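Undergrad: Residue numbers (the working numbering), protein chains in the order written: chain A, 1 to 94; chain B, 1 to 322; chain C, 1 to 87.
Please keep in mind that the hints were generated in silico from the structure rather than gathered at the bench.
All figures in this text were calculated on a predicted structure; none of them were measured in a lab.
Idealized CB from N, CA, C, for every residue including glycine.
Misleading hints may appear alongside valid ones.
Examples of chain B residues lying across from chain A (beta carbon under 10 Å, computed) [stated by the list, open to error]:
| hint | residue |
| --- | --- |
| 1 | Gly191 |
| 2 | Val193 |
| 3 | Gly196 |
| 4 | Leu197 |
| 5 | Leu201 |
| 6 | Val204 |
So you can see what is in the structure, the chains are spelled out below.
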Amino acid sequence: MIDLFSSIFMLSGIIFFLAGSIGLLRLPDLYSRLHALTKADNLGLGLLLVGLALHMQQPLFALKLLLIWLAVLAAGSASAHLIAQHARRQEADQ
Amino acid sequence: MNIISLYLVDILLVISLLSLAWASLTTADARRSVILFMAFGLVLALVWARLLAPDVALAEAAIGAGLSGALLLAAIGEQPGSSINVNTDHSEDVQDSNRSVVVTWTITGLCAALAIILAWTLLQTFDNVNNKATAQAVSENLTDSGVSNPVTAVLLNFRAYDTLLELAVLLSAVLGIFSLGGIRSPYQLAGPVFDGLARWLVPVLMLTAGYLLWVGAHAPGGAFQAGATLAAAAVVLRLAGHHNIGLPQGKSLHIIMTIGVGLFLLVGLSMLALGRSFLDYPPALAGTLILVIETAAMISIAATLVLAFLGGRPQMQKHKPC
Amino acid sequence: MSEVLFVCVGGLMLSLLLGLVRVLRGPEAGDRMLAIQLIGTTGVGLLMLLSLLLNMSALIDVALILALLAAVAAAAFTGQQREPEND
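For reference, chain A alone in the conformation it holds in the complex (with noise of 0.2 Å):
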């Protein structure tokens, strides 16, 4: 039961994530692919880990997961408005 629960949090994990990835090479600006890629694949990154947490031996490796869930967040949304900023600056320069 948990196995089927764990694999469909876990591939639709990865379609998100293959969905971000496509975008990043498909679309047509730089901007647009910040999007799909703070977006699409964070989302897929969380559910990748919701369904490994549901076979982790001990609930504090689920508690690290989480966390590292957070940091990529958190991390990855202030990292795509400095990339942002600086394109703009770049752009502001030329």
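Following the hints, put chains B and C in place on chain A, whose structure we already have.
TA: Below, chains B and C without anything else, positioned relative to chain A:
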């Protein structure tokens, strides 16, 4: 199916490594090659994890992914598309090009020699691949070593002398950095986004450094990884515009730099005073001694990396406001 | 169960490849930095999966370090301006 997918993963990782390394070396733009080098470090950390070497993967993730990129970018400077040599004197161009050809060929020769030596060593190990003598010796003596992580036991107990010499090498590296002069000019105070990032990232990095130091006794971790993480915290703080990043001046700085080697030597010599040989810990005290040495080593390693990022000696600033 | 894990590993490796293409191609520096974020996140996912597959819980710590240090890399890249030199 398992074997096939593992082979596929391996092949993909190798392709990524090689293409990233090639691209990083052949781009003209210095900033671009540093970014590619950062990606290379990330993939390399995955490779170490795949090779079942979590200690090395930790070190690679801490140093290769974040720190070396920051170091190189700081060294290159902030100009976009800046190249390494800004030589604009054309009269010396012919002489320079001759000299640079010699330099290029010398470096190529040295790299080729290194590659040949490494390949020969690798072939030697293929003959001994079933020789488990070292692993057996380590596992037999693990309980006497004071820690339960075999990597830490080897680094800090069985081969402690090697680690002592490594720390001495780091100290001489810091002296080399000091010879470069004053530190680079500080960064502007961070905007709201970076400020918000630094506010939680720096404390989390420091906590993680302490965690890695503690967990190194029974799981992958240890002084080197903890020191690199601590240095990363200082780098973020500096990038956010903090001028001193908590590094003291003068005497205290010298104490921080030398405490790694110093404490190690102190412990080793006190073993001599106790009637044992140099760096031969009594099994009862071994765990505590290792923790003490690792803490000191973490501080020194972090200081070395931070000074490398700063680019020189803290007291004298390159451009003093008058 | 292990089949699902392997499919996920395959998916993440594919994502890694896509990020690789972007890193090597990306016309601007921002695109490459973006791809590094992707490689970092993919690496975190891969390390989690590997920790389950290879039964090695230390890889979770490696994933934590990777996530944090990828943020440091992005911070270092976006080149906070140096203070203007006073003359």
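Undergrad: Next step is simple, just say for each hint if it's right about the structure.
TA: Okay, the hints, checked on the actual structure:
| no. | hint | verdict |
| --- | --- | --- |
| 1 | Gly191 | holds, 8 Å |
| 2 | Val193 | holds, 4 Å |
| 3 | Gly196 | holds, 7 Å |
| 4 | Leu197 | holds, 4 Å |
| 5 | Leu201 | holds, 7 Å |
| 6 | Val204 | holds, 7 Å |
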